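Q: Sequence:
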Amino acid sequence: MSHLLFHDGQYYRDDKLLAGAGSRGLRYGDGLFETMKVNNDSIQLGAFHMDRLFAGLELLEFDLPHYFTADYVLDRILQLAHRNGHAKLSRVRLMVFRGNGGLYDPESNFPHHVIQTQPLPEANHRWTEHGLTIGIHRKAIKSMDALANCKTNNYLVYVMAALEARHMKWNDALVLNHAGRICDASIANLFIVSGDNIITPSLAEGPVAGTMRRYLVDELKKQGRAVKEQEVTEEMLFAADEIFLTNASYGLRWVARAGEKKMSSNFTREIYESLIRPLF
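Sequential numbering from 1 applies to the sequence shown in the numbering used here.
Note that these hints are calculated values from the structure, not bench results.
Watch out, some of these pointers could steer you wrong.
Label pairs and their calculated CB-CB ranges [stated by the list, open to error]: (1) K228 to Y72: 36 to 44 Å; (2) G85 to T35: 17 to 25 Å; (3) K262 to G20: 25 to 33 Å.
Mimicking DSSO-like on lysine-lysine, the simulated pairs with C-alpha atoms at most 30 Å apart in a straight line are [said to hold, decoys possible]: (4) K88 to K139; (5) K261 to K221; (6) K139 to K169; (7) K139 to K228; (8) K169 to K261; (9) K221 to K262; (10) K139 to K16; (11) K261 to K139; (12) K222 to K169; (13) K16 to K169; (14) K228 to K261.
From a predicted model like this one, the values you see are computed outputs, not experimental measurements.
For every residue, glycine included, the Cβ atom is placed at its ideal position computed from N, Cα and C.
Using the sequences and the accompanying hints, generate a full structural model.
A: Pasting the structure below:
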């Protein structure tokens, strides 16, 4: 069944070709994307997504027209979700990219944009009794630079990590930064539980600045939990009591096996019940 997409102010069938050979988005990965979740006619953590998006657009030096605001983007997402019958529960992908041009001579810095929606199953909301299996990807390394926290259209490190996860039959693969420490996973942020401490790689370590990561760090601190944003080494990972991954789509997933080590989920389940389930 064909659905609609939204592109630069107009609705089209979702099989419409939108980029030609001259597109800088296609040539250079010149742009950003956001993956969001619509839940009961509301965009989950929408303000956090817009904070990250517009910070990235400023960093990439896009020239935003006066109408291109957070409200504009969020309104168009919900309008599209309704048109596609996806307002109950769906995944949203927003892409923003520059138009045609060479490396030094873009035709403009206008934020061309595409919004797509895809329905999600109800199981997306639920706690999973069978945890994830993860490993460490070592071929491609994440830089710790000004772009590291953005979701740029140049996503090759994560593509390679996801390919290895598929080959190795893992559910996800952790990504290392150029210092050899863990920064995040191919589609998620990482948290480890060690004693009473909940630890996640700091933004200086190069992870994507995940919206669910931001939400959990804020809310766990409000609960009085010992949350630390710092360096995370492989030794710390394999010494952890529990591990969990977070993203905007599934919220939180616990890790049952990291490498050869089996993990538990007691504390992670508490976090899920108190902070993730209420979002749904």
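Q: So, for every hint listed, does it hold in this structure?
A: Status of each hint after checking the structure:
1. K228 to Y72: 36 to 44 Å: Cβ of K228 to Cβ of Y72: about 37 Å, so the range 36 to 44 Å holds.
2. G85 to T35: 17 to 25 Å: holds, 20 Å
3. K262 to G20: 25 to 33 Å: Violated, since K262 and G20 (Cβ atoms, about 50 Å apart) do not stay within the stated range.
4. K88 to K139: violated, 39 Å
5. K261 to K221: It holds: about 28 Å lies between the C-alpha atoms, which stays within 30 Å.
6. K139 to K169: Measuring from Cα to Cα gives roughly 17 Å; hence the hint holds.
7. K139 to K228: At roughly 28 Å apart (the allowed maximum being 30 Å), K228 and K139 satisfy the hint.
8. K169 to K261: holds, 16 Å
9. K221 to K262: Distance of about 28 Å is within 30 Å: holds.
10. K139 to K16: Between K139 and K16 the Cα gap is close to 35 Å, so the pair fails against 30 Å, i.e. violated.
11. K261 to K139: holds, 22 Å
12. K222 to K169: Measuring from Cα to Cα gives roughly 37 Å; hence the hint is violated.
13. K16 to K169: With Cα atoms ~33 Å apart, K16 and K169 exceed 30 Å; violated.
14. K228 to K261: holds, 23 Å
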